[in-house]
Amino acid sequence: MSITMTKKTKRSIFCWLALSPIICIILFPFAVMFFTSLKPRQEVFSFPPTWLPSEFIWQNYIDMWHATKFGNALLNSLYVSFSATLITLLVAIPAAYALARYNFGAKSSYRLFLLITQMLSPIVLVVGLFRLIVWLGLIDSVNSLVLIYAGFNIAFAIWMLQNYFHTIPKDLEESAWMEGASFLQGLTKVFLPMAVPAIAVTAMFTFINSWNEFVLALTVLRTEENYTLPIQVYSLVGGRYTVEWHHVMAAALVASLPAAILFSWLQKKLVTGLSSGGVK
Amino acid sequence: MKYLSTSLKSLATGVSLAVLGTTLSLSVQAAEEVRFTVAYYSAKTGPYYEALAEKFEKSNPEIDIKIEVVNWDVLNQKLTTDISSDVNADMAIIGTRWLVDYVEQDVAEPLDGLISEEMKQRFVPAFLSPGTLNGKVYGLPVAASARAMYYNKDLMQKAGASVPTTWDQLVDSAAKISKIDKTYGFGLQGKEVETDVYFYYGMWSEGGSLLKKDGSSNLASSASVANAKRLQSMIENGLTQPGVTSYNREDVQNLFKQGRVGMMITAPFLVNQIKDEAPDLNYGIAPIPSGTSRATYGVTDSVVLFKNSKHKQAAVKFMDFMFTTEQRAVFSSGEGFLPVLKSVSELPEFAENDAVKTFVNLLPEARFAPTIAGWSEVADITSNAVQAIYGGADAQSTLDKAQKRVNRVLGK
Amino acid sequence: MNRNLPLYLILPSLLLALFVISYPLYELINLSLSDVNRFGKVRGFIGLENFTYIFEDQLFIDAALRTVVWTVAVVGGTILFSVPIAVILNTEFYGRGIARTILMLPWAISLPMTAIVWRWSLNGEFGMLNATLMNVGLIDSPIVWLAQSATAFPVQIGLGILVSIPFTITIFLGGLSSIPIDLYEAAKMDGANLWQQFKRITYPLLRPFINMAIVLNVIYVFNSFPIIWVLTQGGPNNETDILVTYLYKQAFSFGHIGQASAVSIVMFTVLLIFTIFYARMVMKNEK
Numbered sequence: 010m011s012i013t014m015t016k017k018t019k020r021s022i023f024c025w026l027a028l029s030p031i032i033c034i035i036l037f038p039f040a041v042m043f044f045t046s047l048k049p050r051q052e053v054f055s056f057p058p059t060w061l062p063s064e065f066i067w068q069n070y071i072d073m074w075h076a077t078k079f080g081n082a083l084l085n086s087l088y089v090s091f092s093a094t095l096i097t098l099l100v101a102i103p104a105a106y107a108l109a110r111y112n113f114g115a116k117s118s119y120r121l122f123l124l125i126t127q128m129l130s131p132i133v134l135v136v137g138l139f140r141l142i143v144w145l146g147l148i149d150s151v152n153s154l155v156l157i158y159a160g161f162n163i164a165f166a167i168w169m170l171q172n173y174f175h176t177i178p179k180d181l182e183e184s185a186w187m188e189g190a191s192f193l194q195g196l197t198k199v200f201l202p203m204a205v206p207a208i209a210v211t212a213m214f215t216f217i218n219s220w221n222e223f224v225l226a227l228t229v230l231r232t233e234e235n236y237t238l239p240i241q242v243y244s245l246v247g248g249r250y251t252v253e254w255h256h257v258m259a260a261a262l263v264a265s266l267p268a269a270i271l272f273s274w275l276q277k278k279l280v281t282g283l284s285s286g287g288v289k
Numbered sequence: 060m061k062y063l064s065t066s067l068k069s070l071a072t073g074v075s076l077a078v079l080g081t082t083l084s085l086s087v088q089a090a091e092e093v094r095f096t097v098a099y100y101s102a103k104t105g106p107y108y109e110a111l112a113e114k115f116e117k118s119n120p121e122i123d124i125k126i127e128v129v130n131w132d133v134l135n136q137k138l139t140t141d142i143s144s145d146v147n148a149d150m151a152i153i154g155t156r157w158l159v160d161y162v163e164q165d166v167a168e169p170l171d172g173l174i175s176e177e178m179k180q181r182f183v184p185a186f187l188s189p190g191t192l193n194g195k196v197y198g199l200p201v202a203a204s205a206r207a208m209y210y211n212k213d214l215m216q217k218a219g220a221s222v223p224t225t226w227d228q229l230v231d232s233a234a235k236i237s238k239i240d241k242t243y244g245f246g247l248q249g250k251e252v253e254t255d256v257y258f259y260y261g262m263w264s265e266g267g268s269l270l271k272k273d274g275s276s277n278l279a280s281s282a283s284v285a286n287a288k289r290l291q292s293m294i295e296n297g298l299t300q301p302g303v304t305s306y307n308r309e310d311v312q313n314l315f316k317q318g319r320v321g322m323m324i325t326a327p328f329l330v331n332q333i334k335d336e337a338p339d340l341n342y343g344i345a346p347i348p349s350g351t352s353r354a355t356y357g358v359t360d361s362v363v364l365f366k367n368s369k370h371k372q373a374a375v376k377f378m379d380f381m382f383t384t385e386q387r388a389v390f391s392s393g394e395g396f397l398p399v400l401k402s403v404s405e406l407p408e409f410a411e412n413d414a415v416k417t418f419v420n421l422l423p424e425a426r427f428a429p430t431i432a433g434w435s436e437v438a439d440i441t442s443n444a445v446q447a448i449y450g451g452a453d454a455q456s457t458l459d460k461a462q463k464r465v466n467r468v469l470g471k
Numbered sequence: 011m012n013r014n015l016p017l018y019l020i021l022p023s024l025l026l027a028l029f030v031i032s033y034p035l036y037e038l039i040n041l042s043l044s045d046v047n048r049f050g051k052v053r054g055f056i057g058l059e060n061f062t063y064i065f066e067d068q069l070f071i072d073a074a075l076r077t078v079v080w081t082v083a084v085v086g087g088t089i090l091f092s093v094p095i096a097v098i099l100n101t102e103f104y105g106r107g108i109a110r111t112i113l114m115l116p117w118a119i120s121l122p123m124t125a126i127v128w129r130w131s132l133n134g135e136f137g138m139l140n141a142t143l144m145n146v147g148l149i150d151s152p153i154v155w156l157a158q159s160a161t162a163f164p165v166q167i168g169l170g171i172l173v174s175i176p177f178t179i180t181i182f183l184g185g186l187s188s189i190p191i192d193l194y195e196a197a198k199m200d201g202a203n204l205w206q207q208f209k210r211i212t213y214p215l216l217r218p219f220i221n222m223a224i225v226l227n228v229i230y231v232f233n234s235f236p237i238i239w240v241l242t243q244g245g246p247n248n249e250t251d252i253l254v255t256y257l258y259k260q261a262f263s264f265g266h267i268g269q270a271s272a273v274s275i276v277m278f279t280v281l282l283i284f285t286i287f288y289a290r291m292v293m294k295n296e297k
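Protein chains in written order, with our numbering: chain Z, 10 to 289; chain X, 60 to 471; chain A, 11 to 297.
Isolated chain Z, as found in the complex (with noise of 0.2 Å):
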């Protein structure tokens, strides 16, 4: 047993030391955006710099929250990032359960599309989606990024989705209509929730993939108070006379905390759904 303990003991340490590089490359930036979002205002231009701020100043998170319109921003990319997820798995199941089970003549030009349209992305497109954003009359509106949002998911959730259901034995639902169940029902009440894990990951893809898009939303959008937050958080950068450093680093920091944190909690899951959706 002690022997095993210093083994592991010992691989432990090479398995940090290994790793320690790329954690330091990755902690790096949120060291930055913690201690500059700290610093009082003069002092983020002062020479040589420095990591610690000479006090902390904890009201830049109050100030950069009112000066940025912060909670606004964050509602925005909320709404999209929600909706275009929930449209997304609206048509993206029926679609996946149909790839699954059944074979019909127009399946594999189906396939052969969606292929097409997973290799797009919308800074490809941006020009042709400007004008049917405006056909649509969604010039500024978060609407316009639901949508498009939600076409540009549907190949990579429904080929996630068809993969995991192949997993799922097909006598389950079978036996249900055999006992009566109508179509619906069996569907709902029994493939659906063996189906949960594999509809929650591709949840989080899309919802991801949403809530950091940033060339149509940088197009689309023209007011701030529609802005998404990568959108807010750009727009204090790019184009001012002035940037104000502190703010953005701490908007940049409380912007990531969220998704930081749900990833960490659903980090096992995402793993898990990537693998048992196979690959094939």
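Calculated directly from the structure, the hints in this document are not laboratory data. Since the model is a prediction, treat every value here as computed from it, not as a measurement. All C-beta atoms, glycine included, are put in the ideal place defined by N, C-alpha and C. Watch out, some of these pointers could steer you wrong.
Okay, the calculated bits of chain A under chain Z, using three or more residues with CB under 8 Å as the criterion [as the list claims (entries may be wrong)]:
no., region
1, 26-34
2, 118-127
Keeping only pairs whose Cα atoms sit at most 30 Å apart, straight-line, the calculated DSBU-like set for lysine-lysine is [what the hints assert, rightly or not]:
no., chain 1, residue 1, chain 2, residue 2
3, A, Lys-51, X, Lys-371
4, X, Lys-125, A, Lys-51
5, A, Lys-209, Z, Lys-16
6, Z, Lys-78, X, Lys-117
7, Z, Lys-278, Z, Lys-19
8, Z, Lys-198, Z, Lys-278
9, X, Lys-401, Z, Lys-78
10, A, Lys-209, Z, Lys-17
11, X, Lys-376, X, Lys-114
12, A, Lys-198, Z, Lys-16
13, Z, Lys-19, A, Lys-198
14, Z, Lys-179, Z, Lys-116
15, Z, Lys-277, A, Lys-209
16, X, Lys-366, X, Lys-401
17, Z, Lys-78, X, Lys-114
18, Z, Lys-19, A, Lys-209
19, X, Lys-103, X, Lys-416
20, X, Lys-195, X, Lys-334
21, A, Lys-198, Z, Lys-17
22, X, Lys-401, X, Lys-125
23, X, Lys-463, A, Lys-51
24, X, Lys-288, X, Lys-238
25, X, Lys-334, Z, Lys-78
26, A, Lys-51, X, Lys-369
27, X, Lys-179, X, Lys-376
28, A, Lys-198, Z, Lys-277
29, Z, Lys-278, A, Lys-209
30, A, Lys-51, X, Lys-366
31, A, Lys-209, X, Lys-195
Following the hints, position chains X and A against chain Z.
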């Protein structure tokens, strides 16, 4: 519903969306809504215009002014894309240098018939003229500035340098100041908006110009090459801050506020920033050094009215209110711009202000961006060439190449 | 059972995808063949003129070549780093949960934010990167990282790798967890060392996951905009421009809607070829 069916039909026929946009016109509302796109100058800009709109609405309850604040680096892009789709605001602040594109494509409304002669007379003529094309007024100057040289008095004294009046003296003073530890003689901008302008100062003072008489680019003139070589050697000899191509104007200004550079050329609004952020900085303002001739860069931003606006009368009414002495004085002093109204420039706050006087005195020799279509692309090409030169590329061949590219844009 | 049921089930997703992706694509094809003014008004059909314009533009050619370097370097680097990291994270050690969480962090911050924070950190005078490197003694004098492409572009590639690692190791961890432990035990019995175990068991079984990671990352990286845009906007002197930044500038800074659409179509074609090529390769391997 009607617009949806119209839209679908148009999709089928493949009619361009620009046409479609016209079906999206705003529905009639109780109060007449005038949308006004405002450029972001500082944190004060938004609140200033909101307050202005509120005051106006009080006396004009039938008009509702909606302010949209947009950052400079995306402003032109947003306006052009919005116009392309007919979803643009009624009026907007634009860089006057873009105006010719707007006029050529027939999207800006001439104001002559809409505003009174009295209103036209309110403006300082030098600032009204850049917004006048083909004899018609399209843009009313909303912010005006010129460029001058800021210098750090303490550093000058410490280094035993004198305030330069020629570029040779500037190089000399920069060399002296650079000897002080952690200090750079001349702050040189090398990134983002106005990188090209920072290059023109020296080019103009050598007698160079942007365009030849035939309207083609004059970027590779001997004056331009001489200026390029001078700046290059300043960089090589460490008379500027290191890594100039990663410094935009704000970055250089920050160095100046920190007392880390001896001299830099920039706009009047730095005065206000220094007042707020570095009140102890001991600095002075002088004309840009001269060579064979002297010059500064004059910039105005203009308010334009768009042709497709359905609320032109209301918009003009708001302009009339906006360009009154009281309202403009608040803006000019708040943002640190030069007064655009004659009446404002006569106020003691401006007339007896040394910094403002320095800038105003430079105006007779100010050059404005030429009124040519595609100016932003020309500026971008020039900025890139300038960056290459600052990075050590051969001046003559780089400018030759850039000149060719500019001529391609100009169609020469 | 209704024969059309599967079609009904896929219909909503098909409609949404068609609407959001196919229609803009159709618009782009139209625009790329048209003379369009900067306000988006179409002035007529001009054939392939927009395409000849961009192919005669040295900046476009440079950006295209740089996109290849960018994609290969970022994806290659990502895979190279992610495989060993995933293998380490798959072994049992103290604090593994914490290590996994930390390595996921770059994924949690949106790309533009990451890029903004790094832009500040890379500042020549006030940035913490120079300060730290000088404290540690790795450099003597500050480096202005973003002032020349020789340092800016590698930094951008490094950043690209950093933000791609979390997604990639997530895929690999999934793959590794599906490898039965008995295989390793059997190999150990045969006296295989760690490297041999990796070569004979881990690598071959991870191969499909690596392929998937390559494809997905190539798509993401080829299309990636925020890192380069926020750090340098393709400068200085256009020397860090890639196709997406070139495209964005043509469309929204210079108002060349037609040329920008042509760039879009070229990019679309490249992605299409890549996808077909990859699909073929996979099928061959499976045979």
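Status of each hint after checking the structure:
| no. | hint | result |
| --- | --- | --- |
| 1 | 26-34 | holds (count 7) |
| 2 | 118-127 | holds (count 9) |
| 3 | A:Lys-51 - X:Lys-371 | holds (23 Å) |
| 4 | X:Lys-125 - A:Lys-51 | holds (27 Å) |
| 5 | A:Lys-209 - Z:Lys-16 | holds (23 Å) |
| 6 | Z:Lys-78 - X:Lys-117 | holds (27 Å) |
| 7 | Z:Lys-278 - Z:Lys-19 | holds (28 Å) |
| 8 | Z:Lys-198 - Z:Lys-278 | holds (23 Å) |
| 9 | X:Lys-401 - Z:Lys-78 | violated (37 Å) |
| 10 | A:Lys-209 - Z:Lys-17 | holds (23 Å) |
| 11 | X:Lys-376 - X:Lys-114 | holds (13 Å) |
| 12 | A:Lys-198 - Z:Lys-16 | holds (16 Å) |
| 13 | Z:Lys-19 - A:Lys-198 | holds (19 Å) |
| 14 | Z:Lys-179 - Z:Lys-116 | holds (19 Å) |
| 15 | Z:Lys-277 - A:Lys-209 | holds (26 Å) |
| 16 | X:Lys-366 - X:Lys-401 | holds (28 Å) |
| 17 | Z:Lys-78 - X:Lys-114 | holds (24 Å) |
| 18 | Z:Lys-19 - A:Lys-209 | holds (23 Å) |
| 19 | X:Lys-103 - X:Lys-416 | holds (24 Å) |
| 20 | X:Lys-195 - X:Lys-334 | violated (39 Å) |
| 21 | A:Lys-198 - Z:Lys-17 | holds (17 Å) |
| 22 | X:Lys-401 - X:Lys-125 | holds (28 Å) |
| 23 | X:Lys-463 - A:Lys-51 | holds (28 Å) |
| 24 | X:Lys-288 - X:Lys-238 | holds (22 Å) |
| 25 | X:Lys-334 - Z:Lys-78 | holds (26 Å) |
| 26 | A:Lys-51 - X:Lys-369 | holds (20 Å) |
| 27 | X:Lys-179 - X:Lys-376 | holds (14 Å) |
| 28 | A:Lys-198 - Z:Lys-277 | holds (28 Å) |
| 29 | Z:Lys-278 - A:Lys-209 | holds (28 Å) |
| 30 | A:Lys-51 - X:Lys-366 | holds (15 Å) |
| 31 | A:Lys-209 - X:Lys-195 | violated (78 Å) |
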